[in-house]
Amino acid sequence: MAAPVPASLIIENLWKRYDGKPAVEGLSLFVQPGEIFGLVGPNGAGKTTTLKIVVGLLKPDYGRIVVDGRDVAENPFEYKAGVGYLPESTTLPDYLTGLEFLTFVGRLREMPREALEARIADLLRRLDLDGPKRDLIVTYSKGMRQKLGFAASVVHGPRMLILDEPLIGVDPAGQHAIKEEARAVTRQRGAVVVSTHMLDTAEKLCDRIAVVHRGRIAAMGTLAELRGAARTGADSTLEDVFLRLTEEAAIPLSPEPPRRPRFPWGR
Amino acid sequence: MGRIRTVYEFKVRQFFGPVFRSAATIAFLGLAGLVTLPSVLVAGFFLPDTPLWRSTELAGLFGAGLSAFLAFDLLFAVSGGTLTHPAEIDFFATAPLRPRQYLAADLLFQFTVTDALAIPVLGLGAIGLGLRTGNWAGIFSSIVVFLLFAAMGLVLGQAMGLAVAAGKRGAKSVLVAMVIVLLLPSVRWYSPLVPGYAQVPFPSTAAAGVIAGSLFGGDVLGPAVEFALFGVAILVVWIVQSGRDIFPNLRPTMRVAFGQADLRKVAMRQEALTRGLGRLTRRVTVDLMKGAPIAMMTRFHLMRILRDGSILMVGLLTGILVVIGAANRVSSDSPSDFSAFTTGWTALMIPVILSFNWNATERANLWTVAMAPKYLGTYFRGFYRAAAVVTLVASVVGALAGNAGSPIGVVASILMAFAACGTAVTVVAAVKIPTDAFSLKSVLPFLVVPPVALAVGGPAIAVAIFAGSLGLIAWPLVIAYAVLILYLFDRLPRRAALRFEL
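Top line first, the protein sequences correspond to chains A and B. Using my numbering, the first residue of the first sequence is number 1, and each one after it goes up by one. Using my numbering, the first residue of the second sequence is number 1, and each one after it goes up by one.
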């Protein structure tokens, strides 16, 4: 699959199994600079596994990942400087304050002190966490924790933002702030990948969407292109498209990944 | 260095967070320190008066202690070798951090929480000992060697843990083999065929040699060279391991902060550790379709105890029982009721732990049983029986390691175990115990179980002591009492189930 311009993210023929059970089976996609890219799919489709591989929290069995022109296999650490990640279920250190936690994350990202302070203040204000910033995280509600996790993922101004179910449990104002921050990344020619079950959000937020089913891309493109692929009509929603595509995508599975690994850590 | 410091500070801040945030906790810890630290000073002063100090096998005993210490480090390594908060995986492992930076910070943190906090205690003990013996140089050297050894254990544990977490073929087997080899020389206390700690070249015995040499005079250079060589070898292993991309293998092993007694989190950690030991717990299955309801419930609870991590604490307590048994065996050639009693007394903690774990992990799931109230009593009776089986097995292992005591003494211990199980299950069935920290209710099993068990075991112990005077009536008396106790405690949990609240 060729990208027309240098892509922010290229995933080529990605494979991953857990104890022999397939999670990702030959998944390929690319994300352009300035684009918000959505991953939708049923539970267990392989979305989270794919994102975890991209951010270096899982090793693939096979495949190639290129972030901002850098092959992750060649240097699995440096590329992370430009990546921000919000996991699906965020676990935060209960006995730090929100401010302390963001400061630690920013210092780890080696941000200059003044820039870090200004950035944290800005994020806390926009995410409506300014008031409780000196409260212990243990006192935060689920939505506040999610917003704090999001702030931690963008505190360093990433060029590639990976969000796994970012809006779950967040109030409408918080959702709006998170979406705005994601769009801000794309305005800087960065890219955002969002995995979500909230199809209406994906429909409104994402420039392109991939429907993932059984570890593969069932269809990928703009909503109009997906409608065409699913033959659901011009007025159909993403939900209609999703249901049709996941129903149709019951394609026979390949039994094994390719034998010769392209990653040095491949089996 | 900056990133190492940041990660280290984060770990310290989040781990000691509850202490930093509570004046009451700081005051409590300060008070505890004021009460206990002077006693360490006194203990150090009188240490030369103890039989231990005059033992001809002191180097071997030091070696045994340090080997157990090292074995513990290696056992901890099964869970991944690092102390990692889940947030570190999500937000640190996805930052451009080098594995060696992270691992160095983790080692510093592990040293802080496991060993550095012991420095004031060691220091005060050393001052007491120094005041008595005047051998300041030897004592200081011994402490330095001990701390170096402790650090060495952490480095080895982390390196081995990373290999296990990375799924390296044979790494877990090597780890288990190392633990067995480290503990094997203790068999010499039972059989002269096995070489003792003084005869085997371990890092622990080398450190013990240096410590014994420093404190009592003798060859220090030989063991010191041996110790240094082990140190270099372990460092090389760590350098190799820490050069790899370890982040995909990091496991969230630190969910509980210092002083935080969230029993649910403790139970989750135990469960995670059990998973780290392999698939053993998943492979053992029981057929829940067979047998009467009470048999099914008992088997269900046995399986749950194996899978929810409770078995780890049972194993630890059984190890303590074995050590107590061995100590009793070494100190006495004849069976003693005291031995049986101490074994039984220690075994009481098993039902207490089982009830705590049940309360933390299983209580909330009980809506399934509560929907069929007919079986609620059977559920708790099954729990009681399963706890009794586990406690008895542990007690028997402990008794076999030591002197079993007189038959009536053994019966007393068994009755205590049954009473403890019945009481522990009754308490958690009848009282809704919170799983968060520092509430009186949350320590209720600790407060109630031992006195009840002691009260139940007491009459049998009395019969054992006065067996000579009682003559032929002793055994019928004990048997009748045992039947009564077993009947009573088999029914108590069922009655308590009537008061159960989700």
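Calculated from the structure, these hints are not laboratory results. Do not rely on the hints blindly, as some may be mistaken.
Okay, the calculated bits of chain B under chain A, using three or more residues with CB under 8 angstroms as the criterion [stated by the list, open to error]: (1) 2–11; (2) 236–248; (3) 451–461.
Just so it is clear, the structure is predicted and the values come from calculations on it, not from any experiment. Glycine included, every Cβ here is placed at the ideal spot set by N, Cα and C.
Right, here's what the structure says about each hint:
Only residues whose beta carbon comes within less than 8 angstroms of a beta carbon in chain A count, and the segment 2–11 of chain B has 6; three or more means the coverage holds. Under the rule that three or more residues need a Cβ within less than 8 angstroms of chain A, the assignment of the segment 236–248 of chain B holds, with 3 such residues. For a cut-off of 8 angstroms, the count of residues in the segment 451–461 of chain B with a CB near a CB of chain A stands at 0, and the three-residue condition is violated.
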